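Trainee: Please model the complete structure; the sequences and the hints are all you need to start from.
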Amino acid sequence: MIAFVLRRILQTVAVLGVVALIAFSLFNYTGDPIAFMLGQDATMEDRVRLRADLGLDQPAYVQFGRFVGNALQGDFGVSLRQGRKVSTLLRERLPATLELSFAAALIALLAGIPAGVYTALRRHSVLAHVLLAASLVGVSLPTFLIGILLILVFAVQLGWLPSFGRGEVVALGWWTTGLLTPSGLKSLILPSITLALFQATLIMRLVRAEMLEVLRTDYIKFARARGLTDRAIHFGHALKNTLVPVITITGLQLGAIIAFAIITETVFQWPGMGLLFIQAVTFADIPVMAAYLCFIAVVFVLLNLIVDLLYYAVDPRLRVERVVGH
Amino acid sequence: MGHPGIAATVATVAAVLALAAAPVAGKTLRWTSQGDILTFDPMAQNESLNNTFSDYVYEGLVRYNKQFVPEPALATSWTRLDASTWRFALRRNVKFHDGAPLTADDVVFSFERILKPASNMKVYAQGVKEVRKVDDYTVDVVTDGPNPVLLRQFVDAKIMNKAWAVKNNVVNPQNYAQKEESFAARNTNGTGPFMLKSREPDVRTVLVANPGWWDRLEGNLTEIVYLPIKADATRAAALVSGEVDLVLDPPTQDIPRLRQNAQVKIVDGSETRIIFLGFDQWRDETPYASVKGKNPFKDKRVRQALYQAIDVEAIKRATMRGLSVTTGSMIAPQVSGYTEDTSRRLPFDSAAARRLLADAGYGDGLEFTLDCPNNRYINDEEICQAIVAMWARIGVRARLNAMPRATYFQKIQKFDTSAYLLGWATATFDALYTLQSLIHSVDPKGGADGNFNLGKYSNPKADELIGRIKTEVDDARRNAMIREVLQIHAADIGHIPLHQQVIPWAMRSNVSAYHRADNRLDARWIRID
Numbered sequence: 001m002i003a004f005v006l007r008r009i010l011q012t013v014a015v016l017g018v019v020a021l022i023a024f025s026l027f028n029y030t031g032d033p034i035a036f037m038l039g040q041d042a043t044m045e046d047r048v049r050l051r052a053d054l055g056l057d058q059p060a061y062v063q064f065g066r067f068v069g070n071a072l073q074g075d076f077g078v079s080l081r082q083g084r085k086v087s088t089l090l091r092e093r094l095p096a097t098l099e100l101s102f103a104a105a106l107i108a109l110l111a112g113i114p115a116g117v118y119t120a121l122r123r124h125s126v127l128a129h130v131l132l133a134a135s136l137v138g139v140s141l142p143t144f145l146i147g148i149l150l151i152l153v154f155a156v157q158l159g160w161l162p163s164f165g166r167g168e169v170v171a172l173g174w175w176t177t178g179l180l181t182p183s184g185l186k187s188l189i190l191p192s193i194t195l196a197l198f199q200a201t202l203i204m205r206l207v208r209a210e211m212l213e214v215l216r217t218d219y220i221k222f223a224r225a226r227g228l229t230d231r232a233i234h235f236g237h238a239l240k241n242t243l244v245p246v247i248t249i250t251g252l253q254l255g256a257i258i259a260f261a262i263i264t265e266t267v268f269q270w271p272g273m274g275l276l277f278i279q280a281v282t283f284a285d286i287p288v289m290a291a292y293l294c295f296i297a298v299v300f301v302l303l304n305l306i307v308d309l310l311y312y313a314v315d316p317r318l319r320v321e322r323v324v325g326h
Numbered sequence: 001m002g003h004p005g006i007a008a009t010v011a012t013v014a015a016v017l018a019l020a021a022a023p024v025a026g027k028t029l030r031w032t033s034q035g036d037i038l039t040f041d042p043m044a045q046n047e048s049l050n051n052t053f054s055d056y057v058y059e060g061l062v063r064y065n066k067q068f069v070p071e072p073a074l075a076t077s078w079t080r081l082d083a084s085t086w087r088f089a090l091r092r093n094v095k096f097h098d099g100a101p102l103t104a105d106d107v108v109f110s111f112e113r114i115l116k117p118a119s120n121m122k123v124y125a126q127g128v129k130e131v132r133k134v135d136d137y138t139v140d141v142v143t144d145g146p147n148p149v150l151l152r153q154f155v156d157a158k159i160m161n162k163a164w165a166v167k168n169n170v171v172n173p174q175n176y177a178q179k180e181e182s183f184a185a186r187n188t189n190g191t192g193p194f195m196l197k198s199r200e201p202d203v204r205t206v207l208v209a210n211p212g213w214w215d216r217l218e219g220n221l222t223e224i225v226y227l228p229i230k231a232d233a234t235r236a237a238a239l240v241s242g243e244v245d246l247v248l249d250p251p252t253q254d255i256p257r258l259r260q261n262a263q264v265k266i267v268d269g270s271e272t273r274i275i276f277l278g279f280d281q282w283r284d285e286t287p288y289a290s291v292k293g294k295n296p297f298k299d300k301r302v303r304q305a306l307y308q309a310i311d312v313e314a315i316k317r318a319t320m321r322g323l324s325v326t327t328g329s330m331i332a333p334q335v336s337g338y339t340e341d342t343s344r345r346l347p348f349d350s351a352a353a354r355r356l357l358a359d360a361g362y363g364d365g366l367e368f369t370l371d372c373p374n375n376r377y378i379n380d381e382e383i384c385q386a387i388v389a390m391w392a393r394i395g396v397r398a399r400l401n402a403m404p405r406a407t408y409f410q411k412i413q414k415f416d417t418s419a420y421l422l423g424w425a426t427a428t429f430d431a432l433y434t435l436q437s438l439i440h441s442v443d444p445k446g447g448a449d450g451n452f453n454l455g456k457y458s459n460p461k462a463d464e465l466i467g468r469i470k471t472e473v474d475d476a477r478r479n480a481m482i483r484e485v486l487q488i489h490a491a492d493i494g495h496i497p498l499h500q501q502v503i504p505w506a507m508r509s510n511v512s513a514y515h516r517a518d519n520r521l522d523a524r525w526i527r528i529d
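Those protein sequence lines, which keep their order, are chains A and B.
Per the working numbering: the first sequence = residues 1 to 326.
Per the working numbering: the second sequence = residues 1 to 529.
Don't take every hint at face value.
As the list claims (entries may be wrong) - With a Cα cut of at most 30 Å, we get these calculated DSS-like pairs of lysine-lysine: (1) A:85 / B:197; (2) B:197 / A:186; (3) B:116 / B:129; (4) B:292 / B:66; (5) B:129 / B:162; (6) B:66 / B:197; (7) A:186 / B:27; (8) B:300 / B:167; (9) B:292 / B:411; (10) A:85 / B:116; (11) A:186 / B:265; (12) B:66 / B:27; (13) B:162 / B:133; (14) B:414 / B:461; (15) B:470 / B:445; (16) B:298 / B:316; (17) B:445 / B:456; (18) B:162 / A:85; (19) B:456 / B:294; (20) B:265 / B:316; (21) B:167 / A:85.
Don't read these hints as lab results, they were simulated from the structure.
Everything numeric in this text was worked out from a predicted model, so none of it was measured.
Mentor: In structure tokens form, the structure reads like this:
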């Protein structure tokens, strides 16, 4: 077990190193932040001095080495756009992104699972066909378009919900939450639905497929033969066995939600890390971009690790094979 | 003022009354544009949005009136003691937002700070050798020669409080090398009409009216809330839904629709920015052209052919959807020194252009690359596409190389271009600023002369005149010289001017604002009814 975890941690470090390296080789193409930092009136002398101050005059591999060295000590440098510590910026933006992501994941589960169960049990009903058709739309429409459509309907036409921002937030230590104010909750609705739509359709289709699979198995037939109620069979036996892969997929998709929140955050001016990243890209703010990419890599790797560990704990066969292997 | 004590008391009472009345008659302006303010340090960033907010919180010795003529602000009067010494009398009873009085020490300190290496506003104190305190309310400014644009520069040279800066360790403007956030980036202490109340970067910035301001607002704002919204569609939606009152940069494609909306009005105004083309005129062989062994752009006939092949009215109609003012000048009408006769364009004439090309020896075609930004000016890439198509009609095959601004400026500022598109705004509203940067020969030492003359156009007569314009204090003689430089440049076809950008502002119909040609939303003149 410990060996397994250690091995995974070593792999994690290797993945992070590769991500950072790729990120840095890409930064050569994002352009020169100096042009943004100094206005059009700056002299050549000013430019040269600032470039040296920031270490941008050195070759990419030296910059990379310095970045890794500092990052290991928890120092991601200073944002070129805002002149503030990158670690502070990320910490300020983390709550917004996590609240949005978890709200979206929750909506996806609450909408996706019942819809999946329904479409599996009532395969030929009209509603099931409607849901399946709607899920196709959810999968194929780009997120920003869904967001803009929602804004158009609920903010502009009906005027029920705000079109942008996070509303009022309450600070709990360094964590800020929008969940405790009416305006914060109202602000959360449209972006979280936008972000959830794709995941909800994914979960719905997954649950439907798994349910259909399970309903065909022998133990369901035996359960029916025993005279159990439909309710007990569908929810007590079939759904329970369906949920194992669903939970796995949802866990892994959480990483995707956090990463793909970039588009939703941009459309709704949601002050999370994705918006921070997009602004950093247009400004060529290298320290922020690098730190964000590393953060996303860590999230993905950690989620994978947790899922693997859960498997390890849940599935006895994995352990057995290890013992045999020795 | 005979009785400063009484005046102060009256002012205090008025301030208290204003403060008490504020919540009742509160007029809040919520406005947006796509980016956030980078810093509140008035000397750390010379960028339009930052300068807009500096104007809310801080003041200079002088400020612009609606005609862009400097008028008294923190200085009440000034006299010229000799060719290079100016004496400014400071306004009495001006208080910083923390209550400290404004004195000559603050002015001396502020100019020292502007001239520090880490300052981004050095250009506004250009030519200033020293600022000396004479007494508490008088300062002398010593320049390195006569400077006819000194007052215009001083509009953006903001005055900070010395004691506050010392106490909070911000004697130096923001310094990226020190790896710490500067206190002055998020905290302010100015004398201006608004005070910073709260700031969440990229989310919300709130300013409230300064009850102790020495002057009165012409408008009626008591609070300003700035809410950046990056996505174009969302920004327009927020205005239509009434969540914001004003959008500084409504998306071009939404403007016709917004004009139809009764609750929204559009105020069009032209910017001083001129969009133009430039060409490599210094190399013997230009790097991005098909011709080897010589540089076609050194031949005036080629430049004139390229000029006359452009149907700038068609660009205005089709590409800019009417939102441009075509011009033949490198400066805009709002700029001091502008004359009507220097802004006439060469006529659009494809036949003449083809003849000129043939005369120059390129009758069977010419190929080169046109460098163009794609996210810097309004429809920049589309303008270049249109021009490439127009040139194709006279047998010029230009390849369009469009780039985002971050890479574009890096490339062209190294003079690594054969042909390029650029926009230039006259920050001081005085022609010298543009003549010096675009028309004067490039200073090999990297100074301000020719710093954006990226094709290295050069004419010794123009250089000499610009040198004299820098120090000529007689307006009539100076304007005559400006006119002559513009004529020389137009005759040489040093650049090909295209148009002035028209910048529409969109606002709720109950808001009125004065459109400034430098695209700054001036809070003094905004009314909400």
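Trainee: Are the hints correct? Go through all of them and say.
Mentor: Okay, the hints, checked on the actual structure:
Between residue 85 (chain A) and residue 197 (chain B) the alpha-carbon distance is near 22 Å, which keeps this suggested pair within the 30 Å criterion. Between the alpha carbons of residue 197 (chain B) and residue 186 (chain A) the distance comes to roughly 25 Å, so the proposed pair stays at or under 30 Å and holds. A hinted pair counts as satisfied when its Cα atoms are at most 30 Å apart, and residue 116 (chain B) with residue 129 (chain B) qualifies at roughly 13 Å. For the hint linking residue 292 (chain B) to residue 66 (chain B), the alpha-carbon distance of about 52 Å lies beyond 30 Å, and the restraint is violated.
A C-alpha spacing of about 20 Å is found between residue 129 (chain B) and residue 162 (chain B), which places the hinted pair at or below 30 Å, so the restraint holds. At roughly 28 Å between alpha-carbon atoms, residue 66 (chain B) and residue 197 (chain B) fall within 30 Å of each other, so this suggested pair holds. With a CA separation close to 25 Å, the supplied pair residue 186 (chain A) and residue 27 (chain B) stays within the 30 Å bound. A C-alpha spacing of about 59 Å is found between residue 300 (chain B) and residue 167 (chain B), which places the hinted pair above 30 Å, so the restraint is violated.
For the given pair, residue 292 (chain B) sits about 22 Å from residue 411 (chain B) by alpha-carbon distance, which is consistent with the 30 Å threshold. Taken as a hint, the residue 85 (chain A) and residue 116 (chain B) pair is honoured in the structure, with Cα atoms around 23 Å apart against an allowance of 30 Å. The straight-line distance between the Cα atoms of residue 186 (chain A) and residue 265 (chain B) is roughly 28 Å, inside the 30 Å bound, and the hint therefore holds. Proposed proximity of residue 66 (chain B) and residue 27 (chain B) is supported: the alpha carbons are some 22 Å apart, at most 30 Å.
With a C-alpha separation of about 14 Å, the suggested pairing of residue 162 (chain B) with residue 133 (chain B) holds against the 30 Å cut-off. Restraint check for residue 414 (chain B) and residue 461 (chain B): satisfied, since their Cα atoms lie roughly 26 Å apart, inside the 30 Å limit. Proposed proximity of residue 470 (chain B) and residue 445 (chain B) is supported: the alpha carbons are some 19 Å apart, at most 30 Å. This hinted pair checks out: residue 298 (chain B) and residue 316 (chain B) have alpha carbons roughly 28 Å apart, not beyond 30 Å.
About 14 Å separates the Cα atoms of residue 445 (chain B) and residue 456 (chain B), which keeps this hinted pair within 30 Å; it holds. For the proposed pair residue 162 (chain B) and residue 85 (chain A), the alpha carbon gap of about 26 Å is at most 30 Å, so the pair holds. Among the hinted pairs, residue 456 (chain B) with residue 294 (chain B) is consistent with the structure: their alpha-carbon atoms are about 16 Å apart, no more than 30 Å. In summary, the hint linking residue 265 (chain B) to residue 316 (chain B) is supported, as the alpha carbons are separated by about 22 Å, within the 30 Å threshold.
Proposed proximity of residue 167 (chain B) and residue 85 (chain A) is supported: the alpha carbons are some 22 Å apart, at most 30 Å.
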